[in-house]
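**Q** These protein sequence lines are chains D and S, in that order.
According to my numbering, the stretch in the first sequence is residues 1 to 314, in order.
According to my numbering, the stretch in the second sequence is residues 1001 to 1339, in order.
By construction, these hints were calculated from the structure, which means they are not laboratory data.
For each residue, glycine too, the CB sits at the ideal point set by N, CA and C.
It is possible that part of the hints are untrue.
Cβ pair distances, simulated, as ranges [what the hints assert, rightly or not]:
#, chain 1, residue 1, chain 2, residue 2, range
1, S, 1056, D, 176, 51 to 61 Å
2, D, 135, S, 1225, 18 to 28 Å
3, S, 1225, D, 180, 22 to 32 Å
4, S, 1275, D, 176, 34 to 44 Å
5, D, 198, S, 1333, 21 to 31 Å
6, D, 243, S, 1333, 30 to 40 Å
7, D, 184, S, 1224, 21 to 31 Å
8, D, 243, S, 1026, 41 to 51 Å
9, D, 120, S, 1273, 55 to 65 Å
10, D, 180, S, 1150, 16 to 26 Å
Residues of chain D clear of chain S, computed beta-carbon distances all greater than 12 Å [said to hold, decoys possible]:
#, residue
11, 121
12, 161
13, 198
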Amino acid sequence: MELKEDQPQNGSGPAADVPPLRRIVVESETVPIRVGDYAGPPDPNYGREPWQVGAGSEGEPVWVEERMRTEDLSIAYGDKRAVKDVTIEVNSGEVLALIGPSGCGKTTLLRSLNRLVELTPAAKRTGRIILDDQSVDDFDVTQLRSRVGMLFQQPNPFPMSIFDNVAYGLRERGSKKPRKKILEPIVVDALERAGLWDEVSSNLSHPALALSGGQQQRLCIARSLAVSPEVLLLDEPCSALDPISTSIIEDTIVELKSEVAIVIVTHNLQQAARIADRVAFMYLGDMVEQGAAGQVFGAPREERTQDYVGGGFG
Amino acid sequence: MEAASFNEVDLQEQTLEVDRTDRRVELLLGALASTILLLIAGMILFVFVKALPSFTHNGLAWFGSGGSVDEQLMNIFNSPAEPENYVYHLRAWPLLYATILITGVAVLISVVFSVLSGIFIVEFAPERLRQTIEPVVKLLAAVPSVIYGLIGILVVVPFVAEHLISEARKESVAYVIQLDGTSILVGVFILTIMICPIMIAIIVDALRAVPEKWVEGAAALGVNRWRAMRTVSLRAIRPAIVAALVLATARALGEAIMLSMVAGSVGFAPNPLDGFTFFLEPARPLASTIVDNAEGLSVAPFGQTMYAFAAILLISSAFLSFAGWAARKSFSRYTLGGR
């Protein structure tokens, strides 16, 4: 609520033709203060670890900017606290991996970011989740979820044609269904970005469920991308897939990170090491440690982190 | 080495034994299945052969209208004993019309009501309510139709006669038909109550079988619960809705006792031009006609006429099954292997 007073008066968020503004929000008891709206061209390496420079898909530097943030976020299912006082940032231009043993609250944290956790009746939340300087509670849930897309453990295309799957989000979010002519370029673009276009371009009317598991998961990526999200939440997207499909999906994720902020929950530490720029380790609901991937895996500060990643990396 | 070869021999023998048992079971089941098929084929053939004279004497006019169908049936019943003097003259339209009208309207109302109740039970009902409704619905699906008929004739018909049929209304159609409360309105009403539970039970089971991940996927795209239900779950269960529709229509088509009790049991074709009175006019579908005239079957031409009604019902249900199969096939095009 306090943050709202800090909004620019002319509209919501930065204008599209100006490079994204860096907002430094200083947390304090009172109103947060924003320092400097625009100070010359953005420094792509601002706030990054030295090893992160040039981490883009084609070796170009990637502009890292905060998209989402949680502040002292706790989530409880009845009496059981699944996530305890977690404060974490989600930045565009990088992949954030949430790691930790089963039942440590990673998935709950992930599902709280698009308020999907509210589907569980007993879930209660304290603390704040902020998307582009605005609490997620201020968004209409429809709008929030089209800005924060999600991919699940099991590929879950709908029992429709490939085209209808990708167009689903666009068709169903408004009251008026757009024409196929308008949808088509968006669908094609989403399929291209998800790396599926070449395989399905000739059979868009075929049933989506006839695709292989890996193709289905990429179709789900395309379905999320079609509504142009700013953040993409991936809940162990490769756990049901074979190694080849996994590596294709990992490549897709790395390619996407320059346009979409990506958070991935994974049990596979090698996967986290391969694709993540920043890693957060959770244990029993606590955010134990977060930092650059190289640091968390190479030189963990916490003993618990060391014990966990040590198991995977010797 | 030796032990291994012993095992091999044993295994082979076991496999042979299993094969023999399998083959016996296969033969037995195959024989049973073919017997049932033969019985059905025989029954259909028998009915059609028996029904043939009624159709051949009337030609296509059998399906038309003309005169009072009850009078015609009476004449057939009273035909002279010599086969060459048998009376077959029949214009069955009022009976066909009543069958189509009562079944059609009841099924249409039921399908809408059942889909909505199914959604409510699965998606929106509080747990305690759901635990009460579901067993009750399944129980209702098994209630014998004569009980519905009894309640209909003891409660609903008098109510309709008392509250909906005024003297003026009675007089307005007195020259063609007498209004006493037994009517297509009561028939459709009770038939709807009768077939809804079957449809609800099937739809609830189907909705529950819709993978949670589809609903979640829709929610994650920002689609609200009701819309996700409509665009994903309901789409996915269309084959089950068709199956429910076929089953309910078959039950409605074949419903004889209850309808003969509450729908008036008069071979009359209600006239839609009568306005609301139309719903209060009596009618009698084919199945009820057969039941009501069961005692006259020993009169040869009369029996053949009843077989003709049965043949029409058989054709309708066969056509219904085929249409249902075709619809299910086209609807499950996208669900293949998706469950």
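**Q** State for each hint whether it applies.
**A** Hints, one by one, checked against the model:
no., hint, verdict
1, 1056/S / 176/D: 51 to 61 Å, "59 Å, holds"
2, 135/D / 1225/S: 18 to 28 Å, "23 Å, holds"
3, 1225/S / 180/D: 22 to 32 Å, "26 Å, holds"
4, 1275/S / 176/D: 34 to 44 Å, "39 Å, holds"
5, 198/D / 1333/S: 21 to 31 Å, "25 Å, holds"
6, 243/D / 1333/S: 30 to 40 Å, "32 Å, holds"
7, 184/D / 1224/S: 21 to 31 Å, "26 Å, holds"
8, 243/D / 1026/S: 41 to 51 Å, "42 Å, holds"
9, 120/D / 1273/S: 55 to 65 Å, "58 Å, holds"
10, 180/D / 1150/S: 16 to 26 Å, "55 Å, violated"
11, 121, "10 Å, violated"
12, 161, "7 Å, violated"
13, 198, "23 Å, holds"
Hint violations for this structure: numbers 10, 11, 12, all remaining hints satisfied.
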